[in-house]
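Single-letter residue listing:
There are 2 protein chains.
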Amino acid sequence: MTASSQARLRCYDCGCTYDHGDRTRCSCGEPLWFDLDVDEFEWPTETAQATEQDPATTGIWRYDAVLPVSAPETTTLPPGSTPLVRAGALDSFAGCELHLKPEGQNPTGSFKDRGTAVGVAHALDTDTDWIGTVSHGNMALSTSAYAAAAGLECTVFVPADIPPERLDLLARHDPHIFRVEGEYGRLYEETLALDTDGDAGITFVNSDTPLRVAGQKTIAYELLEQFRLESPNAPSSPGVPSSSTASTASTAPDAIVLPVSSGGQASGVWKALRELTRSGVLAADDVPRLYFVQAAPCDPIATAFREGREEVMPIDADETIAVSIANSDPPSGTRALTAARDTDGAVVAVPDEATREAMDRLATDAGLAVEPSSAVALAGVRELSDRGEIAADELVVTILTGSGYKESVETEPRSRHIDLADLEHELASVVES
Amino acid sequence: MTASSQARLRCYDCGCTYDHGDRTRCSCGEPLWFDLDVDEFEWPTETAQATEQDPATTGIWRYDAVLPVSAPETTTLPPGSTPLVRAGALDSFAGCELHLKPEGQNPTGSFKDRGTAVGVAHALDTDTDWIGTVSHGNMALSTSAYAAAAGLECTVFVPADIPPERLDLLARHDPHIFRVEGEYGRLYEETLALDTDGDAGITFVNSDTPLRVAGQKTIAYELLEQFRLESPNAPSSPGVPSSSTASTASTAPDAIVLPVSSGGQASGVWKALRELTRSGVLAADDVPRLYFVQAAPCDPIATAFREGREEVMPIDADETIAVSIANSDPPSGTRALTAARDTDGAVVAVPDEATREAMDRLATDAGLAVEPSSAVALAGVRELSDRGEIAADELVVTILTGSGYKESVETEPRSRHIDLADLEHELASVVES
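Chains as they are written, first to last, in the working numbering: chain U, 1 to 433; chain A, 1 to 433.
Hints were generated in silico from the structure; no laboratory data involved. All values reported here derive from a predicted model rather than from experimental measurement. Note that the Cβ used here is the ideal one computed from N, Cα and C, for glycine as well. Please note: incorrect hints may appear among the correct ones.
Said to hold, decoys possible - Only part of the chain A face toward chain U is listed, based on derived beta-carbon distances under 7 Å:
#1 P78
#2 H176
#3 V180
#4 G182
#5 G185
#6 L192
#7 L395
#8 V430
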C-alpha cells in the first residue's frame, strides 16, 4: 500500500514538481512536500493492536498508504499511537470542550519521533549510513535516538554555547555533535545545500524537510481517526470498516491548535487535512480550523497574520521561556500562514505569563507535565476563546508536542518539614484542613 | 467482568485471608495481595485499540477481569500499552534473544503508573479524597500526577534531605510534600499503620500495597499477551479468539528479568504467572523463570538467595547509582525471594560498572535512555548468561522500568567545536573517516 519512495516533491504554492533528492525547496523559494495526494483513502480496518508489533497496524505506519516509505522490519522505538484524551477539568480554563494529544508519550518524549522515523526508514531504504539534523532540542534528541536504534551514524549541529544539560541529554545516544560557532540560524540553509548536493552521503531530516513533514502529518491522521472513533455517530465497534457515510460533521473536531516554530508540523497537519479532503474521507465543510500559536517574544508568523501580509519575514526576537519554538526566521512560515488562512483559522501569539499559567494548569489539573513550548498551545486556546474565535461548545484538539520532564524547572513546592514522630498529627492537620 | 472491590486479601505464604481495608500485612508478617485467582481467564478478544478511549480495551484495563477495581470513566493519563520490542542489536551483549518492555513510555515515564492508576481508581470508587505515598522517585511523581488528573488531593513523604531537582520534579503536580526528618526507612511502616487505622481518610499506595501490586501485575499480563501474538504458533490475526491449544510452549518467553527493590513489582509479576497458570492459560511447563536483579551495593534479596536463606533480612547498604532500587529492608523481599525460587529463577546483584555499561549500550545500540535502576536488569541478563543460567537461544523479556530522561547525567560527548565557515569540510572529515 505504501506510496513509492520515488514519489515526486511538489510546491504547495506554485505547483512545481521535482524528484525527491534533487532539492527540498522550490525554485520559488517555498518548501516542498511529497506529492502523495492519494485519490482514495479509507481508515484502516485493522484495529491498532497495541499488543502486536506488526508495524503496518501500529503507530505512524498505520497510515503507510500515505507515507513515502515503508516501516522498517523492526525497531525498538515504535513512534505514534499516543492517546487522545478528554480534559474536562480544563474546559472552563480553555473555554471549549478540550481534547489533548500528549505527544510526550512518544519514545523520546516528543512529537519529533514521527518525522524522525520516516527519515530513518528512508536512510535505511537507500543504504545511507548517516543521518543528521540541525537542532539542540527535541529533534536532535529524537534523531540521535532513532539513529542509534537503527544502527546509523548521526550528526547533530548545535550552537557553540549550548547549555551543558542539553548537551548531556543528546550525548546519551552518542551522536557526533558539532558545536557551531557563527550564526546558528544560517546552519539550516547550509545543511540544505549539503543535502541537495548529495555529496555529503547523509540524510538531513531538518524541521520542515519533506521526509519529516510526511511523518509529522500522521499526528493529524491519528487524532482524526481517534476522534472519529470517539464520536457518537461513528462506528463504535473495532473492526467495523469505515464507510463514507461515517464521515459526518460530528466525527471531526471544530479546531486543532498547536504550537508553531519552523512551520514544519503545521504544514504536516494541513497536508493531512488536504489529503483527507481530496479523498473524500473528510467533507470540505468538516475540515477543522487550524490555529497556530507562537510565544509573543518571538512571533514572526503571528505578526504576518496580524498584519495581513502574504509572506512571513524574519524578525528581531526577544527571549522566551518557549525556547523550542523560538524561530525568528521560520523556513515554512509562509506555508503555515497559508494553512491557517485556508482553514479559516489564525496564528496568534501569547505572552510568557500565559504560557506559564497554562503549563501549571496542565500539570495540576490534568496531570500532564509539558514543556513551555507545548503549553503555548493551551494558552493560545484560551486567548482564542477570549476573543470569541473559539466557542464554548466547540470541540478542540490541542497538540501537546513534548514532555516537560526532560528539562528542569524551578518550582515553589507546597512542602513542610516535619519530624517522623509527628507524622500522624502533621498529616491530620493537612487532610482535615 | 471486573473482580469485586470487596475482594479479600490473602497471604501468599500462610494462606490467611482478610477483608481489604483491614490491613495490608498478614499476622505472620508477610505482605498480602488480592485474592483474585480467577479460575477461568481468556485473553481479551477485543483488540487493543490504541485509537479508542474505551478503557476496557486499552492499557491496564484490558485485564480488568483480574483487577480489584474498574476503570475510571475518563482519564488524561491512560496507563499501560507500552510496546514489547525486539532488541537484536543487544543479543550478543545480553547472551540471549532479547526482548525489551520499555515502561518509560507510560504517562509519567515509569512502570509505577500501572499501580497508581489502580490506587486512584479505588480512591474514586470509595469517595476517598486523599491519596498518598512514601517515595521520592518514580512512585511519588506518578502518584502526584494521577492525583492531579483525578482531582484528588495528594501527600508525598520524602526524606528531609531530598535533592532540589527531585523536589522540583514532584512539585510540578503540586502535591502536599512532607519532608520528613528521622529514619526514612521507618516511614513505610508508619504510613501502613495510618492506612490500616482507616482514620487518616487517605489511601496510601506504597510500593507493595495490594492495590499497587494488582496494578503492577498487568505488566506481566501485557507482555505475555504481546509475546503470544508475536509467536509463530499463536493466532496472528487480530480478533481471533484465544483457545487453550494456542497456549503452547513457544508462546511464552523462557525468562522475565526485572529490577527488584521493595519486591512489589516482582510480586506482581509472580502473581500474574500464578493466575494464568491456575486458569490454564499458561501451562505449568511454560511458566517463565523469574530473575530479579539488585545493585550489588544494596542487595538484601540477592544476599538471601545466595546464602540459601528462607527470609530476607535488612542489610547495611552502600551507595549505588541505582538509587531508585536502593532498599536495604524490602517489605516484600521474602515474597520476591520465594517467587524466584518457585519459578526456578534467581536473584542476582550487579556492580555499578556493569549497570553503567548496560545503560550505555541501551542508549547507543537500542536508542533507549533508561535510568540506572532499569539498566541493572540488562546487566543482570548478561551476568546470568555468563553464568550459564540463561542460554544463547533463550527468549528473554527484560523490563525497563523507567525513562532515563527525567534525571540529568554527566556524559562525555563526541563533540567538536567548529566554525560555520568550515561546515562542509568538517562534516566530510567525520563522515568519510
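In ascending order, which of the hints set out earlier in this document are inconsistent with the structure?
Hint check: 5, 6 and 7 fail, others pass.
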